[in-house]
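Enquirer: Letter by letter, the chains look like this.
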Amino acid sequence: MNLINLLLIPAIPLVVFLVLGIFSHKIKPAASGVIGVAGLATSTLLSYYTAWQYFFVTEKVNGVYQTFVEKTVWINFTDTLHIDMGVLVDPISVMMLIVVSTVSLMVHIYSRGYMKGDDGYTRFFAYLSLFTFSMYGLVLATNLFQIYIFWELVGVSSFLLIGYYYTKTSAIAAAKKAFIVTRFADFGFLIGIFIIGFYTNTFDFQLLNDPQGPAILTWASSSFMGLSVITWALILIFMGGAGKSAMFPLHVWLPDAMEGPTPVSALIHAATMVVAGVYLVARLFPMFYMVEDGFALQIVTYVGAFSALFAAIIAITQTDIKRVLAFSTMSQLGYMMMALGVSGFDGHEGVGYMASMFHLFTHAMFKALLFLGAGSVIHAVHSNLLQDMGGLRKYMPVTNITFLIAALAIAGVPPLAGFWSKDEILVAAYSNSQFIYGIGVFVAGLTAFYMFRLYFGIFWGKDRQYKHTPHESPASMTIPLIVLAVLTMVAGFVPFSELVTADKAGFEAHLNLPLAAIAVGVGALGIFFAWIFYKKENDLASRFATAFGSLYKWTSHKFYFDEIYLFVARTIFFKNVAAPIAKFDKKIVDGTMEGIGNQTVVISGKIKGWQSGRVQDYAFAFIGGVVILALVFIYIFNN
Amino acid sequence: MDILTLFVVVPVLVILALIFTKDLKQARIVSMIGGLIQLGIAINLLFAYFRERAVNDAVMLFTRDLVWFEQFNIHYAIGVDGISVALILLTSIVVLAGVFISWKMQDLPKEFFIALIVLASGVYGFFISIDLFTMLVFYEIAVIPMYLLIGIWGSGNKEYSAMKLTLMLMGASAVLMVGILGIYFNSDADGGALTFNILEIAQVNIPFEAQKLFFPLTFMGFAVLGALFPFHTWSPDGHASAPTAVSMLHAGVLMKLGGYGIFRVAMFLLPAGALEWSWFFIILSATGVIYGAFAALRQTDLKYINAYASVSHLGMVTFALLMLNKTAWNGAILQSLSHGFMTALFFALIGMIYGRTHTRDITKLGGLLKVIPFISVVYVIAGMALLGLPGFSGFVAEMNIFMGAFQQDSMFYRIATIVSISAIVVTAVYVLRVVGIMLMGPVKNEAYNQLEATTWFEKTGIALLLIPIIGIGVAPLWISNLIMESLQPFIQGVL
Amino acid sequence: MIPGVSINEILTLTSILFFIGVYGFITRKNLISMLISLELILNSSIINFVVINKYLYPELLQGMVYSIFIIAVAAAETALAVAIIINIYRRTGSVEVSETETMKY
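Residue numbers (the numbering used here), protein chains in the order written: chain A, 80 to 718; chain B, 1222 to 1716; chain C, 548 to 652.
No lab work stands behind these hints: they were computed from the structure. In this text the structure is predicted, and so the values were computed from the model without any measurement. Where is the CB? At the ideal position from N, CA and C, for every residue including glycine. A hint or two may mislead.
[Said to hold, decoys possible] Here's a subset of chain A near chain B, in silico, CB distances under 7 Å, partners left out: (1) Phe277; (2) Asn280; (3) Val492; (4) Pro493; (5) Pro494; (6) Val656; (7) Ile660.
[To be verified] Far from chain A by the CB rule (all over 12 Å, computed), these chain B residues: (8) Leu1287; (9) Leu1329; (10) Gly1392; (11) Leu1415; (12) Ala1423; (13) Pro1451; (14) Phe1515; (15) Val1598; (16) Glu1619; (17) Phe1623; (18) Asp1630; (19) Met1632; (20) Pro1663; (21) Val1664.
[To be verified] Quick list of in silico lysine to aspartate or glutamate cross-link-like pairs, EDC-like style, CA-CA up to 20 Å: (22) B:Lys1591 to A:Asp197; (23) B:Lys1379 to A:Glu551; (24) A:Lys473 to A:Glu551; (25) C:Lys601 to C:Glu556; (26) A:Lys654 to B:Glu1421.
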């Protein structure tokens, strides 16, 4: 491994960010696009080179991929506890490097077309570079604190990019919401880190994940409310991960985050940043698996499975195409979490872990493709809403084909990428629990259904009243689409089980034919229903909606989670905590201080009358005082 | 001339020079040169300190001791360790930035700069003295000009605010005086002479009863200046009325005297009292941390928001000091530094916004990102620093504080710590609220489209403050080590 | 030293004189009368000085010297006081002490 190469990968986007950020007014928009793309292309090449080196050049030891770590102390807490900064290269970080680089590069290229003519063109590329830098840092982190640091930085870049259209009220609200919800989740994450730091005296991933290390060996030594403190820490850390990965019930920010420009949604809110939570759990997988018999991991499983189901149901009724994709993302992330949760550790046992990473990889490709395709559509019709679209396949052939490929992939149709990874997940779930497997299959069906509802709704059906005839997007936008579509087709054939596994040793994966057949069948069923409902204009869908009136209402309002959060934030915290405190401060605390001052004035006003101004009164008081004192002294001294 | 006394002499010379200036132009040039010299000697002190520290492992370096008032054994005793060096550096930077921000001061510029520099000299003196009495004298020198600065050059309800601030701080220093005299009269407990010298008192075992009695007095005396809940109410009003540079200097530097004094006097000299009382003050500090954050959530005046944010952040300083371990103390000092730079930057920006739009009410502002992009972008950066984003100094400080607080393994400390940590969420909310309402969104007022662009002196002032924030945030190791090794004798004294 | 007269008798006399002065100072309404009462107080103390000096420390002279000193100061003070009174008279047209009450707080 070449350290300089590795450091250059995040350093280049950072430099690009600084250059574009500081000289934003002096750089021409065209130049800034070129700088951004060129910088990222270099990083991407370096990432690919690193991956090639890691997987195919560096020797395995005893059939196990070695972890390469290089770090330096960033700050000391105590004599033993410190935060390091460094790079850690192991199969999952290399895989993430590829994902981040590929999608980011595609999004950079695509944005040159999509954002053309926008006021903040340079600013946009600066933010994208900042994000990419932070994401690389997150991926390469060597310890919990480093990952937290970059975790926050990706959070802020996400905030900046969601709020990119900063004059739009909804965008501001969405940006704030995203930041605050994830910040709340990070509060748990941070406490989890502190607990781990205190009880194990290290933040280092290698030590924490070491079966002979302080965390895994001694988890039983201290407990809190019936669970090991380490388990608590893991649950809290998972809370951070759930916030970033939009797991139920911290998912509310993700649909709103679609207010950002579409390339941003593709990069951050579909392919890279939102998988950080999955990555975090995968990163700490040995700990999750071995501490307290995987109690925390069970929570991950159920939260993941529930989120997958929950989001898939909501996705059916949404009419904003980006929101459908957002809920789809949430659903697929739940899938990945679920896969991690049902995974074992050694050899073929670890198929869930492998499947999760595999799905992360393939999902990044086809979900980015879906978003970029949706962006292309939005670019053409200037609306996000499904009812403003229809019959677009004639006008936008490239977008149509690529979108179809992605939709087939996510529906799990062989031999596209989604089929392979989803199949592995179902295999893992099947071997763990029938219940989870059932949810998985059901969600797969729903996924196929809502995705094709979207596809048919956009590209088939009747033409709408378009202001001007829609046209295919420029080459800068279609080339990324084509590249991603090709990747979606071939990504499934990457031999993941030999490269990225929990024990890093690799195993022989084989297709479980009956399970695969069931999955494909369910997917086909979903597509079939979508075809009946939405291929041609008909009233079947609306009839169903009226038949299941209340259910429809609940799902289309996303089960009122936004309202609940708004109630908690606005009514409880803002009106019933912050407002009384502000009032208390003004009236009681300040009032007390004020009262002391005012009382002093009042008392002095009363006693100042004694100072009558009559010199004779003074003399009288003086003489009287002398006489009294004299008497007192005489009395004292005589006794 | 020894290297520390320069910090008292240079301001005096600057003041003398200012007396002979004729108008704003001359006054600001003289002040700027004075500020640059102070920054120069502060940087020189830093390097001299590193050189000296390599060969000398005394607690305080560059010590000097002159008898001042023999009957009571009062000395002009000075000396510095890493902590005071860091804080002196902070002071010199904020003073210089303050001069730049006041570049266009219209009324009585000469007198304004004189008062500003008197204040600065008091602060320098406080940081270098190791004699309690001298310390107290410098403390008063620093506090008194505040009255004039707010009362004369302030805005709004300035007489009221100035009076409130001065009275509360004077009340606190009366309490403090009792505490310090208490320490003084117990400094012969081991049979030596009565003394005000901190290093000598530290060797004495002050009887437990006396510590128990005088610790809260000393602590309270300093903590009022550090805006400890519930004695913080002077700070919102004071800041709101003060002119920009004064707010900067006050929140950035003067309020740091509180934390520094607690650390150097209350904690160091009365450790047993600190242990005895820590639970009580921890409750107050933790309450202050979350309380200040929530109170900031409801304000509409920018300066009030920032003042309550200061209550929250300085609550963390006292909170960390009471944790009685090295990590938390390191965090407390770092937080003092970081908050100093951040809040000074905030007040500078608020001053610039106010100077252009003539309002500080966030509900009347909107879309500033479009009309004054430079100031707005820096405001966002400062906000991010305030909410503890990694890469800025606040993150480093807060992580040290929380990690240190987590070292205390008991339910009470854990709960207090978690309450304090939860403030980071509320901080994010109030920072984003301001950013959302004031900077983003559509431009609310047509007149704002013609706002004046940022000038070079404003940019210089901002840069002076922004560079240390990012510097500490990106590479904290050197400053953390500088503080850490100076903490060693203190932590030994306490445990 | 007056034969047949003891120090007690003289001190009694001066005490009486002193309290007459005090009484006058407190009760008189006219500023001039008050001034005169003040002189009585001074005189009683001067006599005290002289008598105590003569009876108790006949070999010393301080008492005498201070008496003269006080007389001189009293003269100066009277001059000042009269000047003030005249000014008050010019302003208010009276020398009543009640007219001077406003100089308070």
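Enquirer: Going through the numbered hints above, which ones does this structure break? Give me the numbers in ascending order.
Expert: Result: hints 2, 3, 4, 5, 10, 13, 14, 15, 16, 17, 18, 19, 20, 21, 23, 26 break, sorted rising.
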